[in-house]
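Chemist: Each protein sequence line maps, in turn, to chains L and W.
Counting from 1 along the first sequence, just add 72 to a position and that's the residue number in the numbering used here.
Counting from 1 along the second sequence, just add 3 to a position and that's the residue number in the numbering used here.
One or more hints might be untrue.
[Claimed, not checked] Calculated lysine-lysine pairs in the DSBU-like style (CA-CA distance at most 30 Å, straight line):
no.: 1; chain 1: L; residue 1: K356; chain 2: W; residue 2: K96
no.: 2; chain 1: L; residue 1: K283; chain 2: L; residue 2: K146
no.: 3; chain 1: L; residue 1: K187; chain 2: W; residue 2: K51
no.: 4; chain 1: L; residue 1: K356; chain 2: W; residue 2: K155
no.: 5; chain 1: L; residue 1: K336; chain 2: L; residue 2: K283
no.: 6; chain 1: L; residue 1: K187; chain 2: L; residue 2: K235
no.: 7; chain 1: L; residue 1: K356; chain 2: W; residue 2: K78
no.: 8; chain 1: L; residue 1: K283; chain 2: L; residue 2: K356
no.: 9; chain 1: L; residue 1: K356; chain 2: L; residue 2: K233
no.: 10; chain 1: W; residue 1: K78; chain 2: L; residue 2: K187
no.: 11; chain 1: L; residue 1: K187; chain 2: L; residue 2: K153
no.: 12; chain 1: L; residue 1: K146; chain 2: L; residue 2: K336
no.: 13; chain 1: W; residue 1: K51; chain 2: W; residue 2: K79
no.: 14; chain 1: W; residue 1: K78; chain 2: W; residue 2: K155
no.: 15; chain 1: W; residue 1: K79; chain 2: L; residue 2: K187
no.: 16; chain 1: L; residue 1: K283; chain 2: L; residue 2: K233
no.: 17; chain 1: W; residue 1: K78; chain 2: W; residue 2: K51
no.: 18; chain 1: L; residue 1: K235; chain 2: L; residue 2: K338
Think of the hints as simulated: they come from the structure by calculation, not from any bench.
Below, each chain spelled out in residue letters.
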Amino acid sequence: MQIYLPIAEVSVNAFLLLGLGGIVGILSGMFGVGGGFLMTPLLFFIGIPPAVAVATEANQIVASSFSGVLAHFKRRTVDFKMGLVLLIGGLVGAAIGVQVFAILREMGQVDLLVKLSYVVFLGIIGGLMFVESLRTIYRSKRPSATLTRKKHGLAHALPFKMKFRTSGLYISVIPPLIVGLFVGVLAAIMGVGGGFIMVPAMIYILGMPTKVVVGTSLFQIIFVTAFTTLLHATTNFTVDMALAVLLLVGGVIGAQIGTRIGVKLKAEQLRILLSIMVIAVCVKLALDLLIEPSELFSLTSGDHA
Amino acid sequence: MIRTLALLFCLFALPLAAEEVVASLSRDEVAITANFDGSDILIYGAVKRNAPAAAEPMEVIITVSGPEQVVNVRKKAWRFGIWVNASAVEVDKAPSFYAVASSGALEDVLTRTEDLRYRVSIPRAIRSVGAPSSVENAAEFTEALIRIRTAKNLYQNLDNSVEFYDQTLFSTTIDLPANLVEGPYETRIFLVRDGAVVDEYETVINVNKVGLERWIFDLAHDQPLVYGLLSLFIAIVAGWLASAVFRYIRF
C-alpha cells in the first residue's frame, strides 16, 4: 500500500515503513540502543529527503526513549541530578546543531554533513565495540584477567564540584556539561538520540556506575530529542507526522519482540552482531562518498505552493 | 468574466480562425489523499470547422505543466578525497511536472520558432536566465535537470501518443506520478498545421492535498509550534502505550 507523506512529499510503501520500524525496533530491543543511528540512514536509502529523515527520527526517538525510561523509573536507576546537568548542555548543543543544520541546508551541504557525521561516528563506535567484544570473548576463555580499578581523572580535577548521590560521584559539572553539549549537537545534526555516544562517555569519561547509565541517558535523551523536534518543526518545517507514526507503530511492536530475543542471546554475541551492523551501515555510507556517483547532479527545489 | 469575454471574442473571430479546439478532461481535479499513488487523466476533444479541412494534415500537441519552482541544480566534484556538492546553478522557473504529448514526433510537428513562442518542448518550458560566471558549462545543469526529472517520470516527452482520428477527434492519456507537487496544472492543447499553431486551448487541472494530508501540511506551516507539540504528544502517548501494553502482555 503506497502512502503519500505530506511533509516529505514522496510516496512510499506503508508496509516498508512499518517493516523498517519493526526491524530497527527488534534490534533496539535486543541491544538496548535507540536505533536512530540505524533508522536515519535507512530512511535515506529509501528516498526520504535527509532533512525530513533527521527531524522525523528525532520525534520517533522521543517515543522509544519514553517507553524505555518508564521501566528505569520503577527500578530507580535514573540519576536525575546528573540527567539535568547533561540536559542543560544538551539543550544548548541542540540549539546550536539546528542552526548549523539550517545554514548548511541553505548551502546545499546538509547531506554531506549528515553523511560525514554518520561515517565518522559509526566507524569509531562500531570499530571500538567490535574490538571490545572480541577482547571480552577472548578474556572469558582465560578467566585469569582482572578488572582494572577506576582512576581519578579529569572529572575530579576541575572546579565547580557537585554531589551526584544516585551515581555515588563527587565531580566537576564541566565534563557532563560538555558531554551533553556535544551529544546535543549530534542529536540535531544526525537525527539520533546519541545514546550510543552518551553511554560510553558516561562510563569512561564521567565514571558513572553502569547500572544508572542507561536510565539516565534515556531520561536526558527524551528532553534533548523533544527539543530538537520542536526546533526542526519551527525552523525547518521538516517533521513528518505521518512518517513518524508509521515508524512508531513498527518500532514499538519490534522492540517488544527484540527484548525477548535479546534475553536468549549472550551479551558478547549481541555486541559483536551490533558492531558488525554498525560497521556495515558506515561502509555503505562511506562508499557513497568515496565512489564516483553515477549521477553527479542533484536537485533541490524551493518555493512551491 | 475575462474568460467569457475571450470566448465571445473567439466566437466573433470564428470566421478568421476557421479551425478551433473543443476539448475536455476526464477530471479537472486531482486529490492527493494519504494513499495517493498517481493518477491518469484522459484529455479528449475535437476540431470544430466551418469549412472542409485543408489539404495539409493537421497535428495536435497537448501539454500539462505543474506549478513552476525555483530549482537549485548542484554538481558534485571530487574534493579532499570525497564527492561533495561543488557548484550550483539556480534555474529560475522549472515546472515541477511537465508532459508534452503529440500526434507525431514533436520536432517534425512544430517549428523551432513556434516552439520558442509557445514554450512547448521540455527544454523550452524551463526558464534559466543566467548562470553565475563561475560555472563553466551552464547548459549541462539544465540538461541534468531534464534528465533527472525524466527518469522520475516527472518530465514526459510523449511523441506519437495523441490519437487523432479523421483529422477531427483526438484523445490522449497523461499519467501523473505519485510524487506530485500541489497547485494548478496548466493544460494546453495546440492545433498545428505546417509547423505553425492554428489554435490554442487552455484549461487547468487542480492538484490539491485533501483530508489528513491537507491538515498536516497546513498545520506544519501555519502553526509550527502547535504541530511540533502535537508530534511530541503523539510520541509520548505511543511510548507510554507501548510500555503499558508490554507489561499487560507479560503478566
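Chemist: Need the status of pair K51(W), K79(W): alpha-carbon distance at most 30 Å?
Modeler: violated, 52 Å
Chemist: Checking one constraint from the list: CA of K187(L) to CA of K51(W), max 30 Å. Satisfied?
Modeler: violated, 59 Å
Chemist: Can the restraint linking K356(L) and K96(W) be considered satisfied, given a maximum Cα separation of 30 Å?
Modeler: violated, 35 Å
Chemist: Holds or violated: K78(W) with K187(L), Cα cutoff 30 Å?
Modeler: holds, 17 Å
Chemist: CA of K187(L) to CA of K235(L), is that 30 Å or under?
Modeler: violated, 39 Å
Chemist: Regarding the pair K283(L) and K146(L), is the alpha-carbon distance no greater than 30 Å?
Modeler: holds, 13 Å
Chemist: Keeping to a limit of 30 Å between CA atoms, is the pair of K356(L) and K155(W) held or broken?
Modeler: OK: K356(L) and K155(W) at ~24 Å, within 30 Å.
Chemist: Regarding the pair K283(L) and K233(L), is the alpha-carbon distance no greater than 30 Å?
Modeler: Holds: K283(L) and K233(L) sit about 22 Å apart, inside 30 Å.
Chemist: Measure nothing beyond the straight line between the CA atoms of K146(L) and K336(L); if it is 30 Å or shorter, mark the hint as holding.
Modeler: holds, 23 Å
Chemist: Taking only the CA atoms, is the gap from K356(L) to K78(W) under or equal to 30 Å?
Modeler: OK: K356(L) and K78(W) at ~21 Å, within 30 Å.
Chemist: Is the straight-line distance between the alpha-carbon of K79(W) and that of K187(L) 30 Å or less?
Modeler: holds, 15 Å
Chemist: Between the alpha carbons of K78(W) and K51(W), is the straight-line distance 30 Å or under?
Modeler: Outside the cut-off at roughly 49 Å; violated.
Comparing the model with each numbered hint stated earlier shows that hints 1, 3, 6, 8, 9, 11, 13, 17, 18 do not hold.
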